[in-house]
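Novice: Residue numbers (this note's numbering), protein chains in the order written: chain A, 753 to 1255; chain B, 753 to 1255.
Hint data in this document are derived by calculation from the structure and do not stem from the laboratory.
Just to be clear, a hint being listed does not mean it is correct.
[Unchecked claim] Computed far set for chain B versus chain A, every beta-carbon distance over 10 Å: (1) D765; (2) G875; (3) G911; (4) A960; (5) A990; (6) M1053; (7) P1187; (8) N1194; (9) S1241.
[To be verified] Restricting the straight-line Cα-Cα distance to at most 35 Å, the calculated cross-link-like pairs of lysine-lysine (DSBU-like) are: (10) K841/A <-> K776/B; (11) K794/A <-> K999/B; (12) K1208/B <-> K760/A.
[To be verified] Calculated from the model, a selection of chain B residues having no Cβ within reach of chain A, i.e. all distances over 12 Å: (13) T796; (14) D805; (15) F877; (16) L965; (17) G1079; (18) L1124; (19) L1149.
Every residue, glycine too, gets a C-beta built ideally from N, C-alpha and C.
Protein chains: 2
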Amino acid sequence: MAQSNGNKESAEDDNLCQMLADLKVRTSALEVQGAERDSMTKTTAELLKAYDDNLLKLTCGPVMRTDRESSEVMDEISENPVDFDLVVKDFKDRLVSAGVNNGHPTFFGFINAGGGTYPASLGAFVPAALATYSGAHLGNAEAVQMENRLIKWVADLFGYPAGHAGNISSGGSLATLTTLAVARDSRELKAADFHRCVVYCSEFTHYAVQKGLRAVGMREAILRNTPVDKALKMTAAALERQINEDKEAGLLPFLVVATVGTTLTGSVDPVNDIADVCDRHQLWLHVDAAYGGFFALCDEMKQLFSGVERSDSIVVNPHKGLFTSGGVGVLVVKEGEKLQQCCSLEQTFNFFKGHSIFSAENVSPSELSFELTRPFRGAQMWLPLKVFGVGVFRTALEEKLLLARYFHRKLKETGEFELPLEPELSVVVFRATVPPGVDINNFNQQLLDDLISDGKIFITPAVFSDQYYLRVCVLCFKTHIEHIDMCFSLIVEKRGHLWKSSR
Amino acid sequence: MAQSNGNKESAEDDNLCQMLADLKVRTSALEVQGAERDSMTKTTAELLKAYDDNLLKLTCGPVMRTDRESSEVMDEISENPVDFDLVVKDFKDRLVSAGVNNGHPTFFGFINAGGGTYPASLGAFVPAALATYSGAHLGNAEAVQMENRLIKWVADLFGYPAGHAGNISSGGSLATLTTLAVARDSRELKAADFHRCVVYCSEFTHYAVQKGLRAVGMREAILRNTPVDKALKMTAAALERQINEDKEAGLLPFLVVATVGTTLTGSVDPVNDIADVCDRHQLWLHVDAAYGGFFALCDEMKQLFSGVERSDSIVVNPHKGLFTSGGVGVLVVKEGEKLQQCCSLEQTFNFFKGHSIFSAENVSPSELSFELTRPFRGAQMWLPLKVFGVGVFRTALEEKLLLARYFHRKLKETGEFELPLEPELSVVVFRATVPPGVDINNFNQQLLDDLISDGKIFITPAVFSDQYYLRVCVLCFKTHIEHIDMCFSLIVEKRGHLWKSSR
C-alpha cells in the first residue's frame, strides 16, 4: 500500500511539474525582454516626443470631444491582448485630446507647473521599473535616505531646525489631512470635544482643510473664516479677536492655517503676525505653502516667508513650484516625533526588529505617514534637482514672478482693466472695465467664455466679494514672455470685440 | 510730465522685456528637447534593461551596504547641475544595491508582485510625461473614463451591482482609511460616540485598519480581535457573540473587516457567514482583498469569494495580484453615493459648474476620494490589461496558486517540516522539525537567518500562537517552478546543516 501510494504521489508530482512547466510558457508574455522590450521603449519614447514637439499646435483648454470613435477592443477590458503600439498610440491620442493640457505654456488655469520636466517624468518611470519600495528602511535604505534628504532640503528652505520629520505624499490634500491629524493628536483632543474644536482659516484657504477635517473625524469641528484685509490677507487682529471670543464661549481653538500663496489670488497671509497670535494662545500653526512654497528659493521673496519658520507644519507641492509630474506633495512637521506618534504603530516589519537586517535607529517613512506602500515619489524630485541643479529652479521661479508683474503692468497700461491686487506671487487677477450700463460681472463672464472657447489659452474666473474677476496663474516652466504677450493680445482683442458688441 | 512718465515707463518696460528674454535663455535647460531628450531616454532605457537582464545575478534579500562611497556632488542637493548619465547611473546603482529586491523571482517576502510588468512601468511614465490630470472630468475626461472602467471591471469581478463608486489610491492603507471614513459617516456616528464604536477584526487583519482608525479620528474606538478557528479564519459565531455582548453593554458595533487572504498566512475569512451576521446586525462589512482579490479571476477560486458580493466595500491592490508597479490600490464602495457624501465638498472646479466645458452629470474622482491632485494611476492598470489581455493574468495567478501547492507538497513529502495550514492562496507557512531537546522556535529563527543571509532567497517569519514559523509568499509574476525548486533545495540543505550542528 505504501508503495502504491508512493507511486500515486509520484505520478501526481510529475503531473504537477508538467502543469507548472506549461503554465510558465503561457505566462512568459508578462516578462517583456530583449527586442520586444526595446520596441516598447522606442514606441513609447517616440510618442512622447511627438507630443512634446507638437505641444504648441495643441489646444490647452478643456476639450470635450464627442467625435472620437469608440472601439470595442480599446474600450472594453477583454480577455485577449491588443498590439502594444496600437494600445499606446490610442492611449496617448485619447489623453492628449480629452481635457486640459497641463503641459501647455499658455495654460494659465489652476496652478500649472507644466506637467513635469522630462527628468521628473523619468523619475516616475525608473523606480517603477526598478521596483523600488521606499516605505521602509528595510525596503530600500538609499531611497529612504534620498527622501529624507529632500525633506531636510525643504525644511532648511523654510528655516526649520533639526528634529523635524516629514513625508512625501501624493499632493497637498493628503499632506493637509495628515497635518490635521497630527495637530489633533498633539493636543490630545478627545472625540467628545471635536464639536468644540475651532480651526481658523480665511475664505481663501484651500478647501483641502475642510475636506481633511471630514476625513480625520472632525466634521463637527467649527471652521472659522477669519476676516481678510483689502489685499485678501488674513488679519491677525481679527484672528485674535475670534480666538478670544471662542475661548470665552467655552470652545477649544487649536489650529490656524495660514496660506503662503492662496490658490485664487496668490495672496500671502502675514505669517509672522499670525505666529504671534498662535504663540500667545498655544495654537498649532500650519502653513499651506502648496502653491507658493518654492518661491522661497528667490532671494527677493524672503520677506514674504517671514515667520514661516515659526510654524508647526508646512505643506509644499513639488508638482507645483518644482515642476515635477503630478502627485508629489511634501509635509514637514517641526517636532517630528509628533508626526511619528500620530502615524506609527511600530508594526512595520516588526518581526525583523532586533534582526541585523533591520536598522532600528531609523524611523521608516511608513511610520511617518498613513501610507504603507506607495511609489518612491522622491525620485521625481531627486532626478531633476540633480540633473538641473537648484540654480535653474530659482531662476525659473524668478522668471514666473517677473512674468506676472509684466502681465499686470501691460494690462494696467491699457487703462481698460481693473486690477484689484498687486501680484505678490505669480497670480494676476483682473477684469475688463465695461461700457456704461453694462453689468460688469456678466461682461467678464462672457469675456472668459470668449477667451477660452478656442483653446488657445486657458484662464479661470476668480470670484470674490460677489465680483467676477479673471485670473491668470503663471507657473508652467515652459511659459516665457512670448506666451504672456500672446495671452495679453488675445485678452485685449477679445475685450475690444465684446466692448463693441455690448455698447 | 505725462510724456516724461511715459518715457520712464517705456524704459522700464524695455528693461523688463530684456530681463525676461535673458531669463528665458537661462531657464531653457529645463525644456529638454531633441538630441538631449533622445540621449536621456536612451541612457535610462539601457540602465533599466541592464537591471532586468542581470536580475538573476542580483541578491533579492535586504542588503545594508556600508561600503558605498559617498560623494558630495551626489549626496547633497546643490546649486549646480550634474551630468545626466552620471545621475541616473548613480541613482540606479544606489537603489538596486540598497535593500530588498522586489523584482526578484526568489523574493518570497511580504507580498511581492515582481515590481510591475514593463507596460505597467510605462504606465507610470507616460501620464507623467503627458501631464495627464485625472482628478476631474474637466482635467481629462478620457483618463477619468478609463479609471471608471477599471473600477467597474473590479466591481464586476466581485459581483457588485451598478451604483457602486470607487477610487484608485496609492495602496491598501489609504483605501482602508477612506472606507473607514465612509462607514463612519454612513452610520452618522457622532464624535462623542466614537469611544463606544466597535470594529471587528481578527488578529490577522492587516494593521492598516488600526492605523486608519487613528487617521479618521477614531483612536478611541474599540477594536475587537474576533477569535479564529484552527485555519486562522475569523469565526462568524464568535463574531456574533461579541456583537451581542457589546450591544448589551451599550456599545455601538458598526464595522466588520473580513480578509480575503491575510498577509501573514493567506487565510480567507468566511465572508458569507460573516455577511449573515452583518445583515442581522446592520453592520458595514468591509472586505480587505488587498492581497487575495485578483485570485477571483481564477475559476477554481470562486467559492473562496462567496459572499464578497454582499459586502459594503472592497479593497484590492493591483500592485499585488495584477503586477502593476507599487502604489496602486482600488477601493470600491457598493453604494457609491455614500463614498461621494463622505468625500465630496462639491467644490472641485465649481466655478465652472454650469459652464459648457463642465460635464455636470459626471462625478469627478476628486469628489470620490480625499485626494485632489494625484498621478493618473489607472494607466498602470490600463496599459498591461490591454497589452497582455486579462487571460494571461488569470493564468499567472493560477500558476502562483499551483506553485504554492507544489512547494507545500514537496516540504510535506520530506517529513522534515510541520505544515500547520493547507495553502488557500499562495502563502505557505511551515517550520522545521527539530532534534529532541532543541527549542523549535529558536531552531527555526536560526534557520531563517541562515536562509536569508546570502540573499539568494528572501522569506519572512510568521509568528502566531507564540510559535515561530517560516513563510513563503508566491506572487511575483517572474516566479516559476525552477525558483520554487531552488528555494526548496536551499531550505532542505540549510535545515540539514542546522540539524547536524544542533544535535
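Novice: Hint by hint, note whether the structure agrees.
Specialist: Hints versus structure:
Not every C-beta of chain A lies more than 10 Å from that of D765/B, the closest at about 7 Å, which undercuts listing it as non-interface. The claim that G875/B is not at the interface with chain A is violated, since a C-beta of that chain comes within 10 Å of its own (minimum 8 Å). G911/B, annotated as away from the interface, keeps every beta carbon of chain A farther than 10 Å; the closest lies near 16 Å. Its closest Cβ contact with chain A, about 6 Å, brings A960/B to no more than 10 Å, contrary to its assignment away from the interface.
Interface exclusion of A990/B from chain A stands, the closest Cβ pair being 24 Å apart, more than 10 Å. Its beta-carbon lying about 15 Å from the closest one in chain A, M1053/B satisfies the requirement of being farther than 10 Å from that chain. Interface exclusion of P1187/B from chain A stands, the closest Cβ pair being 24 Å apart, more than 10 Å. Interface exclusion of N1194/B from chain A stands, the closest Cβ pair being 14 Å apart, more than 10 Å.
Taking the minimum C-beta to C-beta distance to chain A, about 15 Å, the non-interface status of S1241/B holds against the 10 Å cut. Between the alpha carbons of K841/A and K776/B the distance comes to roughly 32 Å, so the proposed pair stays at or under 35 Å and holds. The suggested pairing of K794/A with K999/B is violated, with an alpha-carbon distance near 63 Å, which exceeds 35 Å. Restraint check for K1208/B and K760/A: satisfied, since their Cα atoms lie roughly 33 Å apart, inside the 35 Å limit.
Consistency note on T796/B: stated as away from chain A, yet its beta-carbon is not over 12 Å from all of that chain's, at 5 Å minimum. Listed as a non-interface residue, D805/B fails to keep its Cβ farther than 12 Å from every Cβ of chain A; the least gap is roughly 8 Å. The claim that F877/B lies off the interface is violated: its Cβ sits roughly 3 Å from the closest Cβ of chain A, which falls inside the 12 Å cut-off. Separation of L965/B from chain A is inadequate, the least Cβ-Cβ distance of about 9 Å not exceeding the 12 Å criterion.
Look at G1079/B: its CB is around 4 Å from the nearest CB on chain A, not clear of 12 Å, so calling it non-interface is violated. The beta carbon of L1124/B sits about 4 Å from the closest Cβ of chain A, which is not more than 12 Å, so the claim that it is off the interface is violated. A Cβ of chain A approaches the Cβ of L1149/B within 12 Å, the least distance being about 9 Å, so the stated non-interface status is violated.
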